[in-house]
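Visitor: Given next are the chains, with one letter for each unit.
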Amino acid sequence: MNAAHLALRNVERKRARLLVTAGAMGVAGALVIFFSCLINGFYSTMVGNVIDNETAHLQAHVPGWRGDPDLYATLDLRPAALDATGLAWAPRLVGFGLAAKGDASAGVELRGLDLLREPSVSRLNTRVLEGAWLDPADPHGVVLGRRLAQKLAAHPGDELVLLSQAADGSTANELVRVRGVLQTVSAGTDEAGLLVGEAFFRDFFVLPAGFHEVALRMPGDDPDLEAGRRALAGALPGAEVLTWKELLPAMAALVRFEKAVLFVFMTIAYLAVGLVVFNAMLMSVFERIREFGIMKALGVSPGRVALVIAIEALIEAGLAALLAGALGTGLAQYVHLHPLDLRRFMPQSATIAGMAFDPVIGAVVSRDATLLPLAFLFVLSLLAVAYPAYRAATLDPLAALHHH
Amino acid sequence: MLPLARMLLCLLLLGSSPPARAGTIQPAGSAADSGATQEPGDSDPRAVALLRKVDDLWRGDASHTVMSMRIKTVHYERTLKLEAWSKGKYRTLVNILAPAKDAGTATLKNNDAIYTYLPRTDRTIKLNAGMMGGSWMGSHFTNDDLVKGSRLSEDYISHITFDGQRRGRAITEVTLLPRPSAAVVWGKIVTQLDSGTDFPIESAYFDEDMHPARRLVFGEVKDFGGRSAPATMRLEPADKPGEWTELDYQTLQVGAAVGDDTFSLARLQRRGR
Chain A
75 MNAAHLALRN VERKRARLLV TAGAMGVAGA LVIFFSCLIN GFYSTMVGNV IDNETAHLQA
135 HVPGWRGDPD LYATLDLRPA ALDATGLAWA PRLVGFGLAA KGDASAGVEL RGLDLLREPS
195 VSRLNTRVLE GAWLDPADPH GVVLGRRLAQ KLAAHPGDEL VLLSQAADGS TANELVRVRG
255 VLQTVSAGTD EAGLLVGEAF FRDFFVLPAG FHEVALRMPG DDPDLEAGRR ALAGALPGAE
315 VLTWKELLPA MAALVRFEKA VLFVFMTIAY LAVGLVVFNA MLMSVFERIR EFGIMKALGV
375 SPGRVALVIA IEALIEAGLA ALLAGALGTG LAQYVHLHPL DLRRFMPQSA TIAGMAFDPV
435 IGAVVSRDAT LLPLAFLFVL SLLAVAYPAY RAATLDPLAA LHHH
Chain B
73 MLPLARMLLC LLLLGSSPPA RAGTIQPAGS AADSGATQEP GDSDPRAVAL LRKVDDLWRG
133 DASHTVMSMR IKTVHYERTL KLEAWSKGKY RTLVNILAPA KDAGTATLKN NDAIYTYLPR
193 TDRTIKLNAG MMGGSWMGSH FTNDDLVKGS RLSEDYISHI TFDGQRRGRA ITEVTLLPRP
253 SAAVVWGKIV TQLDSGTDFP IESAYFDEDM HPARRLVFGE VKDFGGRSAP ATMRLEPADK
313 PGEWTELDYQ TLQVGAAVGD DTFSLARLQR RGR
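Line by line, the protein sequences give chains A and B.
Residue 75 is where the first sequence starts when you use the numbering used here, and the numbers rise one by one after that.
Residue 73 is where the second sequence starts when you use the numbering used here, and the numbers rise one by one after that.
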């Protein structure tokens with residue numbers, strides 16, 4: 075009779091205990107998978123927001139521009155070379171000034187957008203809270219960040235005065251009308267973002283050519299950013315190309331932190347499960363001391379005895395994994411389709427690491443979020459039976475036969 | 073003088089209402105100096121008197137001036153023609169006469185507040201604190217220079233730190249150091265005056281780490297209807313070599329009749345138009 079056969083017979087004899095142990099492991103595993111998918115969803119949403127609303131996947135600037143956003147530090151655009159990358163791209167302009175309404179005034183970051191290309195790299199146009207998005211037919215219509223609008227007490231239809239210094243040294247000043255107010259997308263846009271069309275920006279700042287930023291968007295959820303970097307750098311020689319992770323290092327660190335959070339949670343959850351398995355296996359070994367004694371007296375080697383117990387544990391872990399996988403992914407899929415709405419706990423929009431935090435959290439089932447907890451389940455089961463298996467393997471057959 | 077220049081000069085020279093406690097003075101004389109270097113004391117009545125005298129040179133109860141402002145940067149070079157009025161230390165109105173694109177733009181300084189009238193939009197904006205460090209009309213002067221100029225005596229203590237020959241010229245050097253409690257932009261201002269005429273020659277501004285930040289160089293002395301004063305003033309920022317802003321005074325009437333309503337918001341807009 076081989077070890078697997080013996081192990082199968084053993085678990086079959088104690089079906090109730092098998093079901094209880096595997097059930098406990100399975101439920102714990104399901105919770106870990108569910109939590110893992112929830113964290114995955116939370117971070118995916120956050121990263122998605124960053125890419126959709128702020129950085130796109132990659133950006134190119136004149137080297138050093140990000141530290142000192144100089145109006146004169148522009149890139150020469152090469153549309154044909156950028157089109158040849160086959161990726162979505164959009165040029166942007168950035169300047170600083172003052173916006174005033176009545177006695178209220180605030181410093182603003184004016185962003186001049188290519189209204190045709192911008193929607194291919196960002197979804198800012200879908201993040202309008204009040205009013206409407208920019209329209210090329212309304213060059214003096216602007217869209218404001220949410221906090222900026224609050225500071226100026228500005229609403230769609232209101233008139234603002236913009237003041238700055240143009241590239242030729244003259245005083246740039248213009249009357250504009252608020253078309254829309256954005257939802258919270260990032261701390262920077264919220265506080266000072268004032269979006270305008272490219273044509274208005276060029277006229278206002280007397281800047282006939284060049285761009286400050288080229289944003290690049292790649293297809294897929296997790297594209298090869300280095301390939302994108304090579305493509306963009308090739309199309310804009312001399313430009314500094316940065317990935318969203320380099321543009322927002324705090325956010326990238328937060329995403330890396332996700333793995334650590336999951337590992338800690340899995341360790342704690344499985345430690346509890348490990349104790350259950352350990353206890354069950356220890357009991358099952360002690361119950362069968364005479365049986366193991368006979369096996370050893372019949373010449374079964376200590377290794378084989380340990381193997382029988384390890385296979386028993388693996389059978390349990392297998393059953394638990396089936397349960398955990400089905401229950402965990404099922405639950406996660408449900409929350410994917412029906413996201414948790416936490417808005418009632420946080421009526422105000424908030425930002426984490428400078429980026430908008432979305433209080434509606436959906437779970438996202440992924441290979442990592444499912445297989446990692448299951449692998450952990452098997453490893454922990456084997457660790458938990460190591461001692462009982464060792465005890466059984468090292469039994470003295472004579473003492474075991476006399477054990478009551 | 074000229075309102076704007078007065079504000080700017082105030083910034084340099086008017087350290088001087090009754091001096092309070094002195095800070096530590098670092099004598100600024102170089103190895104080439106041949107005169108006596110005076111150690112600072114708790115107060116320096118001579119520095120106070122000297123700065124008042126210089127101030128009086130430029131300041132009447134009221135003034136009216138026309139000047140040009142030439143701005144040279146690495147990106148552009150332009151010349152503006154300005155007309156300005158002032159009354160007392162705290163009220164100034166500057167109106168841009170040329171070029172056409174900026175003509176009519178007017179800046180009113182009333183105590184600590186700065187208003188800008190923009191003819192293109194026909195609106196007046198009160199500049200907020202965040203704009204104070206920004207450039208005034210594209211020049212190397214900041215809005216803060218306009219506001220803080222007349223408050224220098226409250227924030228700085230002045231001392232004579234050199235009196236003698238320097239590079240073959242009789243020089244008196246006055247050093248302004250911030251009062252310990254003052255929130256100021258400059259760590260030190262050193263002004264050199266001609267010992268014979270008491271006209272300013274040059275002022276050096278140092279940041280809080282005592283690194284040179286900018287230099288204001290005064291040009292030749294010109295007679296403005298019986299009153300002499302340096303006719304040009306050139307500001308050179310230390311971090312932008314080759315860039316400068318120069319004021320060149322064409323007319324100067326000190327003691328001109330300037331009505332109080334010149335400095336009202338309503339007048340600001342009317343004058344702009």
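Errors might be hidden in some of the hints.
[Claimed, not checked] Residues on chain B that point at chain A, a partial pick, calculated with CB under 8 Å: (1) His147; (2) Arg150; (3) Thr151; (4) Lys153; (5) Asp174; (6) Arg192; (7) Lys198; (8) Asn200; (9) Met204; (10) Met209; (11) Gln322.
[Claimed, not checked] Lysine to any residue pairs mimicking SDA-like chemistry, simulated, CA-CA at most 25 Å apart: (12) Lys144(B) with Lys175(A); (13) Lys173(B) with Glu183(A); (14) Lys173(B) with Glu248(A); (15) Lys173(B) with Lys225(A); (16) Lys312(B) with Lys225(A); (17) Lys175(A) with Asp270(B); (18) Lys225(A) with Lys144(B).
Simulated from the structure, these hints should not be mistaken for laboratory data.
Don't be surprised by glycine CBs; every beta carbon is placed ideally from N, CA and C.
Visitor: Each hint should be assessed against the structure and marked as holding or not.
Guide: Here is how each hint holds up against the structure:
Given the 8 Å rule on beta carbons, the hint for His147(B) holds: about 6 Å separates it from the nearest Cβ of chain A. Given hint, Arg150(B) at the interface with chain A, holds; its Cβ is 5 Å from that chain's nearest Cβ, closer than 8 Å. Because the smallest distance between the Cβ of Thr151(B) and any Cβ of chain A comes to about 10 Å, over 8 Å, the interface hint for this residue is violated. At a threshold of 8 Å, the smallest CB-CB gap from Lys153(B) to chain A is about 14 Å, leaving the interface hint violated.
The interface hint given for Asp174(B) holds, since its Cβ lies 6 Å from the closest Cβ of chain A, which is under the 8 Å cut-off. Because the closest C-beta pair between Arg192(B) and chain A is about 5 Å apart, less than 8 Å, the hint holds. Checking Lys198(B) against chain A: minimum C-beta separation of about 6 Å stays under 8 Å; hint holds. With its C-beta approaching chain A no nearer than about 5 Å, Asn200(B) sits inside the 8 Å limit, and its interface hint holds.
Hint on Met204(B) is violated. Least Cβ distance to chain A is approximately 11 Å, over the 8 Å limit. The interface hint given for Met209(B) holds, since its Cβ lies 6 Å from the closest Cβ of chain A, which is under the 8 Å cut-off. The interface hint given for Gln322(B) is violated, since its Cβ lies 21 Å from the closest Cβ of chain A, which is over the 8 Å cut-off. For the hint pairing Lys144(B) with Lys175(A), the CA-to-CA distance comes to about 33 Å; that exceeds 25 Å, so the pair is violated.
Our distance criterion of 25 Å between C-alpha atoms is met by Lys173(B) and Glu183(A), whose separation comes to about 24 Å. This hinted pair checks out: Lys173(B) and Glu248(A) have alpha carbons roughly 13 Å apart, not beyond 25 Å. For the given pair, Lys173(B) sits about 31 Å from Lys225(A) by alpha-carbon distance, which is inconsistent with the 25 Å threshold. Taking the CA atoms of Lys312(B) and Lys225(A), the gap is near 35 Å; set against the 25 Å cutoff, the hint is violated.
With a C-alpha separation of about 47 Å, the suggested pair Lys175(A) and Asp270(B) falls outside the 25 Å cut-off, and the hint is violated. A distance of roughly 36 Å separates the Cα atoms of Lys225(A) and Lys144(B); the hinted pair therefore is violated under the 25 Å criterion.
Checked against the numbered hints listed earlier, the structure breaks hints 3, 4, 9, 11, 12, 15, 16, 17, 18; every other hint is satisfied.
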